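J.: In case you want the letters, here they are:
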Amino acid sequence: MVGALLDVVFQESIVLIPQIGKIVSIGPDGEGRISPLEDSPSMVIREKQTSTYEALLLLIGNTLYEVKSKPDGSVLLNETDSSAHIQTDTHMDMRFGFEHISASIASPERVHAHILRVPDPSEPRTFCLLFDSYNPKPTKARLLFLSASAEATDNPLRANLEVWTRTGCPPIDVQGGVIAVVHKNSIWVGPKESGVLIHLEGLLEEHESAEAIALDEEGKTLACALLSRRGEGMRILRVDIQPWLKGYPPRDPKRAVLAVAELNPRLPSGVPEPDLKRDVRPYRISPQLDRLVAKASGIREGRIFEYFMVANLEWKQIRRGGD
Amino acid sequence: MMDIFFPEQGLCVTMRGSGELSVWELTNGTLRATYQVPRVITIRVHRWGNTNAEELWFLSNETNLSLSRAHIEGFLSLATKKEIVFSGEARIVPAQDGLRILWGGRQRDKGDHHVPLSDPYTGRLERVVAIEGSNGLQAVLVLRSWYRQCLMLYERDEPPVPFPEVGANGVEINGVEIARREQDVLVSIIEKREVRLFILPGWKSLLKFKPEPPSIICAAFPVPAGAWREMQKDGIGVILARSEKKEGKPRAYFALRIVDSDERTVLEKQIGSVDASLDPQPYARVSPDRRFLVVESTYFRQVFQLPSE
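Chains as they are written, first to last, in our numbering: chain F, -2 to 320; chain X, 3 to 311.
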């Protein structure tokens, strides 16, 4: 599936967008540069290293490559010493591993993995989504919570949840001991040690689906980009998720919305401006909750342009009377 | 498939096969929270000292067999445990690709039972109901599934016995209810079109009830003699449901009928109705305190309050 989106990662001011066949890097000026990517990776690893830098690793064949952006917009693929593997045996058990974690689960078909690793002090800090192909639409996948602690050597699996989510650039985030996942077009969160997710019920309108999510560093608030299926455009909200994490969701979930963001896009040169209501599909919000990466499209002189854009998020607090 | 549990008085938990677990407040019928949990085999534990609530345990079969107990106060937590301990010495432990029922506690004896996860004759382990009596673990009911569902009864020093004359429609765990007394346990079991009352130990049959069409059995529970006024003998409380069209719109009606072991109707009362069609077999249970009826159908979900006398 040439062109299928694998992920979006933030490396300081550069945004890397690996796809099957190419890697797009977008600089602070909004301009994108394309580097070819031969072969399709079976595993994509996004590793948060600092609040502004995410490492990107791709398993191609038996080799794990680290993808690094250079200031001039080009990318480097470095072979790493790290180990990773993914294979299905004759009993249809899937064995996969990354670094010191290796697990085996019954899995009839799935052969792709997306791993999110966070530098948390407590386990689990590795989260693995298993699926059969990189799909831009929600599809059935397994979300594994994995622990690398010494006592977990025999069984690193802390939880195994069935989710319906986008497998190309999966909308999953972990921060401050909290995991957030888009499941069935809606948002679910949970303390990561619990291995359980709670639904942020009543937050979205019925015609909206959650497309991109990001937690703040403490895991107390969540930024989300919601897209209307009725063509009413996109809403970007900042939500206080603490009532849900305590197990007592608010009676009026809409009052948990703390702020809304406006988009300030930096378009690449030579492309038509998109209709922000109709022609923008959000994919990721940066860990600092200050940027959004979206796919946009527009028509100029009868020609359709499709491109990735980075937009700054300008947050506006919601003032409520009587608060 | 959806299972209904009552882990605390006033609260209800519904759980779908996909791992979606919802917590409901019975007094106002509102949804408190919905969780996504791992796929598990559920174990419903009826404790001797707590007749109005049941414990909810999970058996997980991911890489290793493990037991956990669900606590629903606050954020749902699944506390990993080595075993389910009962008064006296009995325990249920995960072991050997299944569960072991250790009737005499940790000192294993010949009377212990092994409940395998899969069995070539009775199929896959699906659900477990454990019943604690005044002297410890009294009975374990195990629902298995192969080409049809089968309910097995495990009692101390007895070989496992299948639910007698099981029909082709099989049994659902929501249709298995108990009422305990000092010495014995009453069990009501719904098979698609009829409900039967048994007494444990053994599968001694006390009563069989089949409603007149078009009513269907939605839920049922055993009623021990003396529990209701004028009721001299053990019986069954049956929630009957029927669907009618009123001004061209479908409407589902629910009624409670209590029938004793002489097949005499002791009480019949209307419970309520819903503006919706009725499934042939809605998911429903009556709370252990017999105050609420929870019904979930394709077209509606409703909590009804039951009459007290």
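For the record, the hints were derived by calculation from the structure and aren't laboratory data.
Nothing here was measured: the structure is a model prediction, and the numbers come from that model.
The reader is advised that the hints may include incorrect statements.
Heads up, incomplete: computed chain X residues facing chain F, CB under 8 Å, no partners named [stated by the list, open to error]: (1) L33; (2) T36; (3) Y37; (4) N66; (5) F77; (6) L78; (7) A81.
Simulated crosslink set (BS3-like; lysine-lysine; CA at most 30 Å straight-line) [as the list claims (entries may be wrong)]: (8) X:K248 with X:K235; (9) F:K243 with X:K83; (10) X:K212 with X:K248; (11) F:K243 with X:K194; (12) F:K251 with F:K217.
Which chain F residues stay away from chain X? Per the calculated CB distances, all over 12 Å, these [unchecked claim]: (13) G24; (14) W161; (15) P188; (16) G192; (17) H204; (18) G244; (19) L264; (20) L273; (21) I301; (22) E303; (23) Y304.
Virtual Cβ for every residue (Gly too), placed ideally from N, Cα, C.
J.: Against each hint, give a clear statement of whether it holds in the structure.
T.: So, going through the hints one by one against the coordinates:
Checking X:L33 against chain F: minimum C-beta separation of about 7 Å stays under 8 Å; hint holds. Look at X:T36: its Cβ gets to within about 4 Å of chain F, closer than 8 Å, so that hint holds up. For X:Y37, the shortest C-beta to C-beta distance to chain F is roughly 5 Å, which falls under 8 Å, so the interface hint holds. The restraint placing X:N66 at the interface with chain F holds, with a minimum CB-CB distance near 5 Å, inside the 8 Å limit.
Given hint, X:F77 at the interface with chain F, holds; its Cβ is 4 Å from that chain's nearest Cβ, closer than 8 Å. Checking X:L78 against chain F by beta carbon gives a least distance of about 5 Å; that is within 8 Å, so the hint holds. At about 10 Å, the closest approach between the beta carbon of X:A81 and any beta carbon in chain F exceeds 8 Å, and the interface hint on this residue is violated. The hinted pair formed by X:K248 and X:K235 fails the criterion: a straight-line CA distance of about 38 Å is larger than 30 Å.
Between F:K243 and X:K83 the alpha-carbon distance is near 23 Å, which keeps this suggested pair within the 30 Å criterion. Between X:K212 and X:K248, the direct Cα distance comes to roughly 26 Å. Compliance with the 30 Å bound is thereby established for this hinted pair. At most 30 Å may separate the alpha-carbon atoms for a hinted pair to count; F:K243 and X:K194 exceed this at roughly 40 Å. Between the alpha carbons of F:K251 and F:K217 the distance comes to roughly 16 Å, so the proposed pair stays at or under 30 Å and holds.
With a cut of 12 Å on Cβ distances, F:G24 stays outside the contact zone with chain X, its closest approach being about 38 Å. Chain X draws F:W161 into its interface by the beta-carbon criterion, the shortest separation being 9 Å against a cut-off of 12 Å. Taking the minimum C-beta to C-beta distance to chain X, about 7 Å, the non-interface status of F:P188 is violated against the 12 Å cut. Not every Cβ of chain X is farther than 12 Å from the Cβ of F:G192; the closest lies at roughly 7 Å, contradicting the non-interface assignment.
For F:H204, the condition that its CB be more than 12 Å from all CB atoms of chain X holds, with the nearest at approximately 20 Å. Not every beta carbon of chain X lies more than 12 Å from that of F:G244, the smallest distance being close to 4 Å; the non-interface claim is violated. No Cβ of chain X approaches the Cβ of F:L264 within 12 Å, the least distance being about 38 Å, so the stated non-interface status holds. Here F:L273 stays apart from chain X, with its beta-carbon at least about 32 Å from theirs, past the 12 Å limit.
For F:I301, the condition that its CB be more than 12 Å from all CB atoms of chain X holds, with the nearest at approximately 38 Å. Every C-beta of chain X lies more than 12 Å from that of F:E303, the closest at about 34 Å, which supports listing it as non-interface. Non-interface call for F:Y304 relative to chain X: holds, since the shortest CB-CB distance, roughly 35 Å, exceeds 12 Å.
Of the numbered hints given earlier, the model fails hints 7, 8, 11, 14, 15, 16, 18; all others are met.
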